[in-house]
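Going down the list, the sequences are from chains A and B.
For the first sequence, position 280 (counting from the first letter as 1) is numbered 280 according to the working numbering, and the numbering increases by one without interruption.
For the second sequence, position 122 (counting from the first letter as 1) is numbered 122 according to the working numbering, and the numbering increases by one without interruption.
Among these hints, one or two may not hold up.
[What the hints assert, rightly or not] Below 20 Å or equal to it, Euclidean Cα-Cα: the simulated EDC-like pairs (lysine to aspartate or glutamate) are:
1. B:319 - A:293
2. A:396 - A:408
3. A:272 - A:303
4. A:440 - A:303
5. B:319 - A:303
6. A:114 - B:218
7. B:233 - A:221
[To be verified] Every beta carbon over 10 Å from chain A, so not counted as near; a handful from chain B, in silico:
8. 44
9. 116
10. 225
It is worth saying that the hints were derived from the structure and are not from the lab.
All residues carry an ideal CB built from backbone N, CA and C; glycine is no exception.
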Amino acid sequence: MTDAPLVKVRNLKIGATVYPPGERPQEIEIVHGVDFDLAPGKVLGLIGESGAGKSTIGLAAMGYGRGGVEITGGEVFVNGRDILKGGLRRLRALRGAEVTYVAQSAAASFNPAKRLMEQITEATIHHKRATRAEAEARAIALFEKLGLPDPQNFGQRYPHQVSGGQLQRAMTALALCPQPDLVVFDEPTTALDVTTQIDVLAAIKDAIRDTGVAALYITHDLAVVAQVSDDIMVLQQGRMVEYGHTDQIINAPREAYTKALVSVRSIEHAEKAPTQEPVLSVQNITARYRGTDKDVLQNINVDLHPGQTLAVVGESGSGKSTLARVITGLLPPSEGQITFDGRVLTPTLAARPLEDLRELQMIYQMADTAMNPRQTVGTIIGRPLEFYFGLKGAEKQKRIKELLDEIEMGDGFVDRYPAELSGGQKQRVCIARALAAKPKLIICDEVTSALDPLVADGILKLLLDLQKIENVAYLFITHDLATVRAISDSIAVMYQGQVVRYGGKSQVLSPPFDDYTDLLLSSVPEMKLGWLENVIAHRKMESAGH
Amino acid sequence: MVHPIVKLVTQRLALGLLLLFAASILIFAGTTILPGDVAQQILGQSATPESLANLREELGLNDPPLTRYFNWLGGVLQGDLGTALTNGRDIADSLAARLKNTMFLAFWAAVIAVPLAILLGLLAVRFKDRWPDKLISGVTLATISIPEFMIGYVLIYWVAIRMGVFSSVAIVNDSMSLGAKLNAIAIPVMVLTLVVLAHMMRMTRAAILNVMQSAYIETAELKGLRALTVIRKHAFPNAIAPIVNVVMLNLAYLVVGVVVVEVVFAYPGMGQYLVDHVSKRDVPVVQACGLIFAAVYIGLNLVADIVSILANPRLRHPK
């Protein structure tokens with residue numbers, strides 16, 4: 001019996017209805033025949049970039065299609081039964097009982113109007129897998145196992161009363177409470193800070209091991225999936241690229257695409273020495289938001305030299321984006337001043353002369369929302385040319401073409417709308433728009449966070465190349481240490497509104513470390529087996545030693 | 001540390017009072033600048049200039065407007081709405097009986113319309129874009145589009161005359177039993193229900209559909225719950241605030257907007273009372289009615305605000 005797979009997927013085909021603007025709805029195929037087996041108690045990692053179909057395949061194991069997505073062909077056996085036959089009633093009996101789901105954003109996936117305990121035990125009670133009292137006892141045991149604070153009373157809270165990392169663990173408890181045979185984990189740690197991710201990952205791994213449940217683990221981060229899964233399936237655009245043991249995929253990938261994924265973030269960038277005069281100098285900046293009494297920035301001092309990159313790194317809430325708001329003048333500081341190119345900047349945006357506005361540009365995390373969807377690429381890039389330089393007609397068109405060349409996109413894109421571009425292309429257009437103003441400094445706020453690793457790599461390379469040509473300085477805000485390593489010359493590590501470590505790249509990233517930087521650096525998943533266990537064991541030893 | 005809910009609710013109450021005060025100024029100013037002369041109206045065309053002057057003096061019409069406003073407001077605050085110019089009766093007394101009737105009609109219309117609208121809204125979501133949804137939308141849209149007097153006459157013809165159940169005239173008085181009263185108002189209640197149903201039902205549908213986009217609805221579906229259970233247990237509690245808002249607006253309409261229905265059924269409510277006295281230029285009555293309507297509107301919207309605040313778990317259970 002142990003040899004019989006728990007899940008057997010054969011030639012799974014999934015289609016979706018798309019609604020191109022101005023055209024009839026079209027049926028397209030997004031998963032083109034995928035096969036895999038999963039034995040009881042084993043973990044299979046599904047990995048790929050966005051659009052690879054990994055979440056879609058994960059949800060197909062529950063017979064569920066999101067939005068207009070439909071399973072169009074193939075077989076999905078769970079416990080020897082083809083779940084695609086037998087209708088919705090049979091599927092409902094399966095969902096939340098034999099197969100459960102952990103969503104990417106636990107914060108959005110819990111009902112804000114109900115207490116956690118009610119939500120966590122709901123499926124167990126509904127499917128009569130336990131009485132209410134038993135289900136609650138199980139949930140409390142799971143809270144304890146997952147390392148949640150005050151397990152006895154944790155369930156009495158509402159979702160907004162607990163932190164993001166705790167909610168993600170609560171979501172895992174929700175999935176494990178019915179004692180299912182299979183849990184589908186859909187990017188369960190992607191939305192978390194790196195220091196939180198490692199704890200949640202360890203909690204999930206322990207829970208899987210202790211309960212003996214099988215899992216489909218979906219992620220775009222190969223380093224993460226290597227820590228938890230027995231097998232890995234690499235997907236690209238709805239097709240299987242490679243499928244094998246975790247060890248083989250990580251250490252001896254066969255396919256070119258897998259190799260690219262394994263070697264992602266290997267950009268080398270030699271650190272440049274500081275020059276005489278910084279282009280940007282942040283001096284003793286303290287700032288708070290109106291109507292609050294907490295300083296979100298406390299006495300910040302950093303310099304950025306022309307043509308160089310200062311990476312500001314920290315977790316959500318560390319104040320790094322607030323620093324960008326202060327520099328751009330969106331949030332006037334309560335103390336301190338900022339000098340830019342040798343002159344003191346006016347604290348408020350409205351009072352700044354046009355020249356200051358031109359020389360200080362910004363690129364945002366969500367390229368989607370940073371562009372007017374009703375303007376063409378040409379209009380978007382042309383606007384700063386008109387606004388700052390008064391360019392018109394042929395002269396403007398010529399400059400737009402030059403800029404498109406610089407971002408490695410042809411002038412065929414001039415008349416396209418943002419909706420017709422890929423994520424990476426959108427971010428490139430935003431870069432071109434910033435460059436159009438011929439700035440001395442560009443603030444890059446998490447510009448690669450929303451992109452797939454390979455696409456992000458392309459953007460980082462582009463930014464480095466442009467820096468050489470244009471001699472522009474970057475203030476690069478990010479939570480991703482791999483990005484920091486790839487492009488920075490100097491680094492400021494922020495924690496709770498303060499710069500806890502600041503200096504050249506090699507200096508900041510070399511020991512001896514302060515506690516926080518050490519925690520941050522050691523939490524970044526590494527692409528090798530056993531990394532998670534080593535870090536956790538190391539930390540336990542250290543805390544025992546202290 | 002005061003609970004944030006107490007603070008928010010107190011703020012809303014204070015704001016409501018302020019708004020009512022502002023409404024009283026508007027009502028007074030509006031009725032004061034109305035053309036025409038009340039004394040002339042009372043005494044008729046044949047009145048002598050002396051008798052007109054005497055009456056104006058008696059009614060206080062010669063005082064400056066500000067004095068008259070504060071005299072009026074002072075009276076209102078003590079429960080004295082003044083006397084009707086036309087028949088010399090105490091306005092508070094006549095109004096109380098009328099208001100009671102209006103509230104009686106509005107209450108029964110609400111008791112039927114609100115749960116029905118919400119139920120239909122839930123069903124429309126459950127069968128979204130299928131025939132039950134389209135049927136519900138179509139019928140409720142039709143009833144809101146037809147003028148209410150039309151629906152009134154059609155119902156009188158079919159229900160009261162052809163089928164012979166319920167009364168076609170909705171005259172009620174204190175000596176009637178509850179059963180008799182309900183029998184009398186049955187058809188007006190039906191008309192009002194049909195009029196307010198569509199708005200509430202459509203808002204319920206839209207509010208719940210909006211919530212149905214949330215990730216936690218997917219979580220609920222992936223628990224294997226039935227569609228109606230998902231809507232009822234997970235979507236509806238998060239759609240309460242917008243639904244309550246539109247329900248309160250319609251309840252306010254049931255109190256202050258039913259003039260036409262009252263006229264059609266000769267129902268002795270506030271609306272008829274107001275219309276009668278507007279045509280007679282009986283300013284104190286108009287002012288009193290206006291103030292009560294304003295109070296009902298502000299009060300019901302206040303309730304909607306407070307329910308929205310109470311329905312928000314972030315406010316009810318702060319961190």
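Now the hints, each set against the structure:
{"no.": "1", "hint": "B:319 - A:293", "result": "18 Å, holds"}
{"no.": "2", "hint": "A:396 - A:408", "result": "18 Å, holds"}
{"no.": "3", "hint": "A:272 - A:303", "result": "14 Å, holds"}
{"no.": "4", "hint": "A:440 - A:303", "result": "14 Å, holds"}
{"no.": "5", "hint": "B:319 - A:303", "result": "38 Å, violated"}
{"no.": "6", "hint": "A:114 - B:218", "result": "15 Å, holds"}
{"no.": "7", "hint": "B:233 - A:221", "result": "35 Å, violated"}
{"no.": "8", "hint": "44", "result": "64 Å, holds"}
{"no.": "9", "hint": "116", "result": "24 Å, holds"}
{"no.": "10", "hint": "225", "result": "6 Å, violated"}
Violation of the numbered hints given earlier is confined to hints 5, 7, 10; the remaining hints are satisfied by the structure.
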